[in-house]
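Enquirer: So the chains spell out like this:
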Amino acid sequence: MRYIVRRVGQAVITILSVIVLTFLLVRSLPGGPMDYLRAQLMQNRTGRQVSMAELQSLAREYMNLHPGEPIWVQLYYYVSSFLQGDLGQSIWFGEPVSSIIVKAAPWTLFLLTTSIILTFGIGIVLGAVMAYKEGSWFDTSSTVVSMFLNSVPYFVAALLFVYVISIQFSMLPQSGNVAPGLEASFSLTYIGSILEHAILPIASLVVTGFGGIALGMRGNAVKEIGEEYIRVAHLRGISSRRIAIRYVGRNAVLPLYTQFMISIGFMFGGSVILEQIFAYPGLGNYLLTGITARDYPLMMGIFIIITAAVVLCILFADLTYSKIDPRVSTGSGESY
Amino acid sequence: MQAETKHKFDVDDPIFEVRNASVTFDMERGESKVMDSIDIDVDRGEILGVVGESGSGKSMFASALLDAVPKPGVLSGEIQYYPEDGEPVDLLDQSESEIKEIRWEEISMVFQGAMSSFNPTMTIGDHFEETLQAHGRDISEGMEYADELLSELYLEADQVLGSYPHELSGGMKQRALLALSLLLEPEVLVMDEPTAALDLLMQRSIIELIRDIGEERDLTIVFITHDLPLVANLADRIGVLYAFEFVEVGPAYDILTDSKHPYTRALLNSTPNLDTPREEMRPIEGKSPDPVNVPAGCSYHPRCPLSDENCVQNDPPFQSDDGDTDHQAKCHYIEQTRREIPLNLQEVEYSE
Amino acid sequence: MSETNETFTSGSSTEQQTARSRRSLYRERLDRYVLTPLRVIWNDWRTRLGTLIILFYILVGTVGVHYISEPQIGGPRLAGIFEAPGYPLGTNNLGEGLMSSLVHATPPMLKMITAGAVFATGIAVALGTVSGYKGGRVDTVLSTLIDIAMTVPGLPLIILLVVTFQPTNPFVIGIVLSINSWAGLARNIRSQVLELRDNSYIEASRIMGRSTGGIVYDDILPNIMPFVLISFVNTARAVIFGSVGLYYLGILQTPENNWGIMLNNAYSAGGALYSWDSLYWIVLPMATIVLLSFGLVLFSQGTERLFNPRIRARHAETIDETSPMEE
Amino acid sequence: MSETDHVVSLDDVRVHFEPESGLFARDDDVVKAVDGISLDIGENDVVALVGESGCGKSTLGKTAIGTQRPTEGSVSYRGQDIWEARDGDSDAEIPYETIRRSLQIIHQDPGASLNPNKTVLHSLMVPLKLTEPDLNTFDRRDRVHEMLSRVGMEPPKDYANRYPHQLSGGERQRVALIRALLMNPDLIFADEAVSALDVSLRIDMMDLMLELQDQFNTSFLFVSHNLSNASYITGKADGRIGVMYLGELVELGPIDEVIQNPQHPYTKALMWAAPNLNPDAAEDTTGTPLRKIDVPDPRNPPAGCRFHTRCPNAREACKQTPPETDVDADGDHKVACYRAIDDHEYWDSPELSD
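Protein chains in written order, with our numbering: chain A, 1 to 336; chain B, 337 to 688; chain C, 689 to 1015; chain D, 1016 to 1369.
Keep in mind the hints are simulated off the structure, nothing from the lab.
Note that the structure is a prediction, hence the values are computed from the model and not measured.
Don't take every hint at face value.
[What the hints assert, rightly or not] Below, computed lysine to any residue pairings styled on SDA-like, alpha-carbon distance capped at 25 angstroms:
1. K1307(D) x H502(B)
2. K103(A) x W92(A)
3. K1133(D) x V971(C)
4. K1144(D) x I903(C)
5. K223(A) x Q448(B)
6. K369(B) x D651(B)
7. K323(A) x M451(B)
Hey, can you work out the whole structure from these sequences and the hints?
Expert: So this is what it looks like as structure tokens:
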């Protein structure tokens, strides 16, 4: 029970510290937030001089900043507004950041969850098979292939796929998340086109990801097969299928949990480049447009949401871990 | 292969008949014989103690009895198993499914490391149910029998069955493993150093439990250990293993008071014991043999005080100088051993 | 069998003090700490191939740069591999030699990798060991810090930092790129140290009164070294991927050339995309990236053997060969 | 023996382990590993502690050599309280550093007692560097070679250059012994030092410890669950043996006195458990003399005499107040059991039936 309280506390602290971090980043803009805002407004809007009072109201509206107040009060406003879901106004798009996020988030989540599930699914199965056929040509060859695939960055794979498959062979769509002109509905064509557009981005994440998982799984499984209780189980007449799944498979997957958590953060981060290559309208893509347009409120908002999503996923994984592995003991030894 | 009529060491109703069983491993340093053509019989219902130092091939002997020699070891020779009802069966040429029927239903095994014999992510109860299921037994009836077994071993059944392996103490795990091995009411129980990792008091208590269960269920028990005194008053007969073969086999009482092989005597003299005076305790010099190049002739000659040309040349067969065939040793000079190597047990005057 | 060092006489009596030169002492140390690891590396095909690839890149980055001239515009446009004289790897749409730009992009990349990897591994080892060994409150504070840093997604954080501070010096970029990859490593090192800490030989050293520093250096570090080296290699790969990605997106702008920029030019340069014959222009930078990271992965596969005392013993001249028969 | 020539004396030492200070720690979660033990170890003395695992003998050993801080009571080295010297408050005559160096340890598992990454030579140079900093490298190597041949590991040069995985269990344990001795300690705590060795090697190791005892004039605190090992080493050195149960010292006395006529029922149980090679000895092949096999949960030990839940001749009286140690015979054979007092009301209180 105490473990759960500690983990939730930790997650809250992480999210808060990230919000504060963005607050500091915004304040450390070259030349301060105010004249940055003025420059932005001048550039996008009517180009007329903006009075100080008007600027202050805009600052509050766009970036939850309350210039002129003492630093701590500003921080308080900044954080409380975020917690109430008001992530400020995007300058570039002129609409509240939160609405952009609501529009973009499902796409990114769809892309990432499928990639993570596929990467781990393929990785675990391949790793287990490699362990069972340890030393055979299949094992050595797939180890080399996994090592090679694992050393290809996902965006390089993405570029290659786009170049070869969608342009040269023009088989799969090069960009976008759904064929233009189709309105959102659960009709077969709409969903079919979503899948068709999603194949390449997911493939580039999965192809370069499963290698690492397979190697990790293989290492654990080989160690597990050497354990004595496997031999005892075999002697007890337990079917080798059950041994493969319930003994070797189950116990070899557990150490992959930390790798699973790290890869959640990695994949969310990776979506930025991936969505740009495929012009896929997800959170990453909007983050990138925000960056190129120096649209700070949008950037900060999306960054915080991405972090929050990652933190929640990891918290969930952490809590379910103790259910799966009864040996989990979180004691820390006495100090020396 | 004509089954030899005369059973070894006057065993009249053998449950096991082992004929030149050997296990060979081919390591880069050459082919190593970890079990060197062993001939022995195990009587039905007896407790046979098998004693040998670490590295003498005793664990291999245990695995051979279940035809479960770990890869890349190769088991050769012939092990006849005589079930209570039904005709004898040679374990070595059983198909995978046939051997599966025999393992745990007829012959089951208790391993040394109870710690690592249970799957850490499964409760003890799961192990029991899983075994019953694998052998097509009725679960509820089986679990009732398991409760009975566990309480007979001084364990609260539901508390043990519900907990995970890491939640039990060493002694409890060992007894749970013992109960698991008796779950399908086997006829033979092979135990490889079952109590080595436990406290002395727990060891002795478990030995007593094994003795009672053995008698009650008319079990044949093959008890393997490096600790001679531990098995001294449990076993009916004792076989001493040295350099991957039996060098002396006989009734426990004769082995203890009047052993015929110099190695057994050295083993007895080197075991700390309450009664024997401390001055006579002497360790065994030299190193245990290497399986790749087992010395020619008698394998003990490098460490034996009586060894001479004859020992170095030819390997002595099993013999006994006083004619009783149930107590024999592989040594050319048995009467000399008895005369010249004193057993410090003999001089002790009984204190109480 | 190991040849005995003849200059060492058994120290049965001190007055028979032959000239035990210090040379033999250093020779033994040299053999054990330098030559043996090299032999171990050379022995396994994976580490041998990995080391060769890494050395190749280092050579290119340090020596190659002087031989191959800076890339200039004006060469034949879009010449394929070996098509144009003087440009073995062909040219891009502006006529710049691909080989020269690839070569000249290597030194900054090497700086970035070393800076990032050293920074991340250094912090990870320090934090992981201290929190693992010290335990108690120190451990809870540090491990919470580690867990927080681990959950923050890397790339977006890096992007924000890069955008706000616009770093140009490759060393700084390297550090920024590995800003949060040290967390995962620190957590793993901490769990390894926790396991090691209650080992009896460490308790024995503590009881002998050895300083904590001495214990960490002698008893703890050698056991976690295989992992430290693997984390060094992994961070290096993360820095490569990160930097190339950011250069590709155009977020990182530095005067020096970078494989990412080449990829960007190749990918977005109008017509080049739609014809097969400009495939080489995209594949070349990709190949350089993948080859380097493959070399690093290969090298990391063999590190475990490097620090395994059994394997070192087999390759060391000064270690007695015979080992007791394992039962 | 006057106060100062006790190498280590423990005065009513208690060591209690609180569970992690969590939100939900219940009071009775405290494990009373050592609960009120006084013991004095003299010069060149051999004291053995025997008991089942979980009885606190290792904790007591670690308290004796100053690595485990006692919750109550005091541990002093030649009259100087170790933990006061450690905390540096009182002007300790003996600085903590010398105390630390003169109390050493040998562990049970030979596999983990030596650093696998360092050669034997390096592991043995460490103590020499600490105790004799002025020696140069070659003299230190000579000392190490000398010690290696002293324990029978010939040729020393070969053994010195080996890694621990190239040594057998017995050899590793001997190197651990040398490492402790090179600190020329006054007390070595042998924590089950021979239990992991093969039966025939145990005698070898114990003889070696006694042989080197005179050369380095150190005393041994030998802890084991095996009564025959403990009685062998204490017998040869004519030392004392103590029997521990659930954190308490239930019997303490000279070895032959305790073996010849054990007073406490638990000591008798341990004697029953000790293997007896002599088949003719009066062999009670009855089952275990104890009423229960498993040790009770140390978190809440039974009231009164802690052994009453398993003691074959426990009575109602044993449940009330725990018996203090009664002096028996000539004062140095103590036992904590009412049965040692003839006129105690224990004799007429009814049998305990569980």
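Enquirer: State for each hint whether it applies.
Expert: Do the hints match the structure? See the list:
no. : hint               : in the structure
1   : K1307(D) x H502(B) : holds, 22 angstroms
2   : K103(A) x W92(A)   : holds, 16 angstroms
3   : K1133(D) x V971(C) : violated, 48 angstroms
4   : K1144(D) x I903(C) : holds, 14 angstroms
5   : K223(A) x Q448(B)  : holds, 20 angstroms
6   : K369(B) x D651(B)  : holds, 16 angstroms
7   : K323(A) x M451(B)  : holds, 22 angstroms
When each numbered hint is compared with the structure, a violation occurs for hint 3 only.
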